[in-house]
Amino acid sequence: MDEIGDFLAAYSTLVGFVGVSALLALSVWVTLYAGQLTLGNAAFMGIGAYVSALLGRHLGTPFPIALVVGALAAGATAAPLGLTVFRLRGVYLAIATLAFGEVVRVILLATPITGKGQGLNGIPPKTELWHIYLSLAVVAYVLWRVQGSTVGRAWAAIREDETAAASQGIAVRRYKLGAFVAGALVAAWAGGLSAHLTFSIEPNDFAFSKAVQILVFAVVGGIPNPLGPIFGAALLTALPELLRPLKDYRDILQGLILLLVIIYLPRGLVTVAQLRRTRRLQEIGAADVA
Amino acid sequence: MFEQLYNAIFIGSIYALFAVGFALVFSVLDILNLAHPTVFMLGAFTALFVIATLGLPWYAAIVIAFVATGLFGIVLDRIAFAPLRRRGAPPLSAMISSLAVTLIVVRLVELRYGGDFITFPRGTVPSFLLHVGDATLEGVRLAIIVLAIVLMLGLTYLVRSTSLGRDIRALAENPRAARILGVDVERAIAATFFISSALGGLAGVLLGFAYDSVDSKMGLPLELRAFTVMVVGGMGSLPGAVLGAYLLGLGEVASLVYLPAELRDAFAFGLLFLVLIVRPSGLLGQRVVDRV
Numbered sequence: 008m009d010e011i012g013d014f015l016a017a018y019s020t021l022v023g024f025v026g027v028s029a030l031l032a033l034s035v036w037v038t039l040y041a042g043q044l045t046l047g048n049a050a051f052m053g054i055g056a057y058v059s060a061l062l063g064r065h066l067g068t069p070f071p072i073a074l075v076v077g078a079l080a081a082g083a084t085a086a087p088l089g090l091t092v093f094r095l096r097g098v099y100l101a102i103a104t105l106a107f108g109e110v111v112r113v114i115l116l117a118t119p120i121t122g123k124g125q126g127l128n129g130i131p132p133k134t135e136l137w138h139i140y141l142s143l144a145v146v147a148y149v150l151w152r153v154q155g156s157t158v159g160r161a162w163a164a165i166r167e168d169e170t171a172a173a174s175q176g177i178a179v180r181r182y183k184l185g186a187f188v189a190g191a192l193v194a195a196w197a198g199g200l201s202a203h204l205t206f207s208i209e210p211n212d213f214a215f216s217k218a219v220q221i222l223v224f225a226v227v228g229g230i231p232n233p234l235g236p237i238f239g240a241a242l243l244t245a246l247p248e249l250l251r252p253l254k255d256y257r258d259i260l261q262g263l264i265l266l267l268v269i270i271y272l273p274r275g276l277v278t279v280a281q282l283r284r285t286r287r288l289q290e291i292g293a294a295d296v297a
Numbered sequence: 030m031f032e033q034l035y036n037a038i039f040i041g042s043i044y045a046l047f048a049v050g051f052a053l054v055f056s057v058l059d060i061l062n063l064a065h066p067t068v069f070m071l072g073a074f075t076a077l078f079v080i081a082t083l084g085l086p087w088y089a090a091i092v093i094a095f096v097a098t099g100l101f102g103i104v105l106d107r108i109a110f111a112p113l114r115r116r117g118a119p120p121l122s123a124m125i126s127s128l129a130v131t132l133i134v135v136r137l138v139e140l141r142y143g144g145d146f147i148t149f150p151r152g153t154v155p156s157f158l159l160h161v162g163d164a165t166l167e168g169v170r171l172a173i174i175v176l177a178i179v180l181m182l183g184l185t186y187l188v189r190s191t192s193l194g195r196d197i198r199a200l201a202e203n204p205r206a207a208r209i210l211g212v213d214v215e216r217a218i219a220a221t222f223f224i225s226s227a228l229g230g231l232a233g234v235l236l237g238f239a240y241d242s243v244d245s246k247m248g249l250p251l252e253l254r255a256f257t258v259m260v261v262g263g264m265g266s267l268p269g270a271v272l273g274a275y276l277l278g279l280g281e282v283a284s285l286v287y288l289p290a291e292l293r294d295a296f297a298f299g300l301l302f303l304v305l306i307v308r309p310s311g312l313l314g315q316r317v318v319d320r321v
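Here the protein sequences line up with chains A and B, keeping their order. Residue numbering for the first sequence follows the numbering used here, beginning at 8 and increasing consecutively. Residue numbering for the second sequence follows the numbering used here, beginning at 30 and increasing consecutively.
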């Protein structure tokens, strides 16, 4: 019986992690959809995690309010940051947001109240699975609807050609900033949920490798619509656990999947279904449709 | 004070060797090669293998590691970058494919050597002390500084004054025009990757020798530092990367003296962030031009 109990406990944690990963993947999808390669979402996740955990610990703030304040703190950081870094493009923007993430990590490492390198332990496990999945459903629904709205079309226009978008009267800066802050809010919300799921957090949980991991979720899944990141996050979070018997080789396997997807499925796993259609179009000479 | 300056120049030389290769690939092919730290680590492990398993002396290890990591760079390009280049994929794709290679290679090394620090067999790595005034310095570091400077001068000569260098510069300027003008583009790309990776791998060997320690994660701290060095110097500028590397080395050693240990990393990333905000083109870079 104990073994079954253990299995279920492990399983429900995994299901929780899958949901958190999916939220994080969506948080970076927003900015990618607007054509901005940002790598600050791990730091925003960290801000959400630390702020909500510290509020609960020191002020006894109720869990939902702590989550909201954590998200708002990240949003309030993202707004001025976005205004400063959005003159940069492409890899410059990626590196600047990465540097921001490292600065946040170092501040967490050096501040007494955040527990420095030890991090925070004994965070009460207040996150229920339905919290995560309700959040995921709401965020995914909102993003799905946004896609077809004026905002979504503005983001797509900026992604395709920023200068042309501006010349069409789209307020490029405002839309880019909106995408950035929205991504920060979602990432911080996911951070607050994950902090209250995992018992302890430390600065290195939100470092460079996490930022890259979040990006990989989204890219492997596919950017064309919000389902891609959810799918990518679920696959890449669950796979290592499911491959536990092969644990010596799972990084290798994950690397191979990543390599194959990026080379052969440039638009992500969600396009597998469309692939056959595309191939047929290529055969009749109508390539590059998808 | 003198010892600290010495160590700053030593660590700056390692950063420079590493970052110059990183910047070379970026300037020629617009690729941020996230597998460069892995090449660095591979260099150190190749040296370990040559010395501990094959029983050859340290200078053989340097030469073999240099060539082996250079060849690895060419293979890396064939596997991870060439297919993307043919398709005209965005820069993001190359970052992710090089990351995938990193995952695979780091794990393969760990399967053979484990994840812990490994030292070279006793007495196989050169080590001697220099006495300058009342300071005691590790002599190997001086040799490394000299070797790094010689190599960087050699690279400068190669890029500026040889026909291969001209091909590489033509490729960096405009791949299509280069091809039309008869440049063997594939050869120039292979040479770029060979040089970049051989220098990166050599930096790993030298750091491994200096610290007498090798581990599968030893490249990680260099990744973000290479970004810093490149941005501070100006993206893709080789002299800029060298200048940035020594500035970073000096700044880090100075911040170790004046700031608490936890803030050591803050210097590199604070500097990176500041330069990006104030002068994104870097110290020696050209103004960033909107390509639209």
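Note that these hints are calculated values from the structure, not bench results. Hints are supplied without guarantee of correctness; some may be wrong.
With a cut-off of at most 27 angstroms between alpha-carbon atoms, the simulated DSSO-like pairs for lysine-lysine come out as follows [said to hold, decoys possible]: (1) A:Lys254 - A:Lys123; (2) B:Lys246 - A:Lys254; (3) A:Lys217 - A:Lys133; (4) A:Lys123 - B:Lys246; (5) A:Lys217 - A:Lys254; (6) A:Lys133 - B:Lys246; (7) A:Lys133 - A:Lys123.
In silico negatives: residues of chain B with every beta carbon more than 12 angstroms from chain A [as the list claims (entries may be wrong)]: (8) Leu34; (9) Leu85; (10) Ala97; (11) Ala109; (12) His160; (13) Leu193; (14) Glu215; (15) Ile306.
For each residue, glycine too, the CB sits at the ideal point set by N, CA and C.
- request: Hey, is B:Leu85 genuinely clear of chain A, shortest beta carbon separation above 12 angstroms?
  value: holds, 29 angstroms
- prompt: Against chain A, does B:Ile306 keep a CB gap of more than 12 angstroms to every residue?
  reply: B:Ile306 not clear of chain A: closest Cβ-Cβ about 6 angstroms, inside 12 angstroms.
- prompt: With d taken as the least Cβ-Cβ distance between B:Glu215 and chain A, does d exceed 12 angstroms?
  reply: Answer for B:Glu215: holds, closest chain A Cβ roughly 18 angstroms.
task: Could you grab the alpha-carbon distance between A:Lys133 and A:Lys123 and see if it respects the 27 angstroms cut-off?
output: Answer holds: A:Lys133 to A:Lys123 is near 23 angstroms, not above 27 angstroms.
- prompt: Between A:Lys254 and A:Lys123, does the CA-CA distance stay at or below 27 angstroms?
  reply: violated, 31 angstroms
field: B:Leu193 non-interfacial with respect to chain A [C-beta, more than 12 angstroms]
entry: holds, 27 angstroms
message: Please verify whether A:Lys133 and B:Lys246 have alpha carbons no more than 27 angstroms apart.
response: violated, 35 angstroms
message: Between the alpha carbons of B:Lys246 and A:Lys254, is the straight-line distance 27 angstroms or under?
response: Satisfied, since the Cα-Cα distance of roughly 18 angstroms is no more than 27 angstroms.
query: CA of A:Lys123 to CA of B:Lys246, is that 27 angstroms or under?
result: holds, 22 angstroms
- request: Over 12 angstroms to the closest beta carbon of chain A is the bar; see if B:Leu34 clears it.
  value: With a cut-off of 12 angstroms, B:Leu34 remains clear of chain A, as the shortest Cβ separation is near 25 angstroms.
query: Would the least Cβ to Cβ distance between B:His160 and chain A come out above 12 angstroms?
result: Per Cβ check, B:His160 is outside 12 angstroms of chain A; nearest 37 angstroms; holds.
Chain A versus B:Ala109 - minimum CB to CB distance exceeding 12 angstroms, so not interface: Answer for B:Ala109: violated, closest chain A Cβ roughly 7 angstroms.
The structure is inconsistent with the numbered hints 1, 6, 11, 15, although it conforms to all the rest.
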